[in-house]
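Student: Letter by letter, the chains look like this.
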Amino acid sequence: MIAAMDTSFEPSSLLPAVAHGDMAAFEQLYDRHSSTLYALLLRILANADDAQEVLQETFVKAWTNAKMFDSVRGSDVAWLISIARSRGIDRLRSRKIRGDREDEAGRELSGSFGFIEKRTGADDAIQAEERSAVRSALAELPEAQRVALALAYFEGLSQSEIAERLGEPLGTIKTRMQLGMKKLRERLKAFR
Amino acid sequence: MIGHEQYESIAALDAIGAATPAEANSLVAHLPSCPDCRRARDEYGEAASMIGRDLDPVAPPPQLRDRIFAAVENDNVVDARDRFNSSRWWMAAAVVFLALWGWRELSIRVTREKIHSSEAEIRRLTGQNQILSARNEKLSAEMASLASRDTRTIALTGQQVSPSASAKVFLEPQQRRAVVFFYNLPANAADKSYQLWILRGDQPKPQSAGVFDVTQSGAASISIENLPLATEIKGLAVTLEPKGGVAQPTNTNFFVAGST
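As you go down the protein sequences, you meet chains A and B in turn. Residues 87 to 278 (the working numbering) make up the first sequence, in order. Residues 11 to 270 (the working numbering) make up the second sequence, in order.
In short, the hints are calculated from the structure, not lab data. We put the CB at the ideal spot given by N, CA and C, even for glycine.
Just so you have them, the derived chain A footprint on chain B, three or more residues with Cβ under 8 Å: (1) 15-28; (2) 62-71.
Examples of chain B residues lying across from chain A (beta carbon under 10 Å, computed): (3) Ala50; (4) Glu53; (5) Ser59; (6) Arg75; (7) Ala81; (8) Val82.
Isolated chain A, as found in the complex (with noise of 0.2 Å):
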């Protein structure tokens, strides 16, 4: 039976109904992909009060730029992290420039995405299946490509930052970021 199932990331696409201003849909959107996107956001920003603003903005504008968006170019939820990333990867060099530095030094350089408190609360099971293979996905980096995919994506640190960052040549961080996401992507590919 689970072989027969629908192994999609991704359950119906809800921003064309959002685009015509169906505010159901858009409930519904929050409620399945919030949770995510504030994870997220805490990553980046180490937060609580920046990752709420950003996520708000977030919705916002996912509200309004919603006919933007073109489902065969890729998912709700990866537009969505477009989005937040983007916006959160600006807050936190903002931040930066104010010198506000206070937990950089503290970021962990572990090969681990994550290190936010797992949530407690029920996920749905679309959600529980997705996070199982990436998090199965990702765990099959070499521990140096994820740390180099973690400081550009959650850090926004470019090539040449990364390479001060962990002392490494700047050839070789470019080649293990591009290791990285090829294997992303075939596995992606895989999913589908």
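Let chain A serve as the given structure and place chain B on it in line with the hints.
Tutor: Only chain B this time, still in chain A's reference frame:
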């Protein structure tokens, strides 16, 4: 020259924000012409989102949900206001259009009235011109009669009903026309006219030479065309007759009279 593989590698880095600005720009320039690289870009974007999804979910505070939906509701209000403002704009445009249309109609009506008024003025002036032409023609005839070398003058004297009245006839036999000037005649009533009669030697009945009115000044004049031959005119006399004149005198109360 950058090949597809290199563009795909750039797309991989770009998906996690790690491409350099130069690399990102070259990718953006290349994508419109390359469906394969666009697909790779999309797939790397989806793959990058997996990194974000690896984290254990954390439920945001419930009040954040309320804040977000309130913000979206406000956005709806703004949208509605925009729509309202848009409808107000159309209403204003409609009002301006109607005002312009009304102004145009009013202008057309005013112009038409001006044209009608001008046409009436033209008709009035044409009438006046005709009157003046007639007067000019009469005066010219009178002047010609007065100035001619052959003109004869005949005096008509006041009779019993108006002894102080008199008249002078300037007769131009060659042209068989005459001009008669009257003096001190009493003003005729509105329903009466003075009538000048020619007493002919060849006919038993007098012949009308025209009618005229006299105002309080007592003066009047009359031009006569197509007179009988001078030899046939025995005399001239004036009676007061019904308005517009009659075929034959209704009385013999001559105001002025005289013989040639």
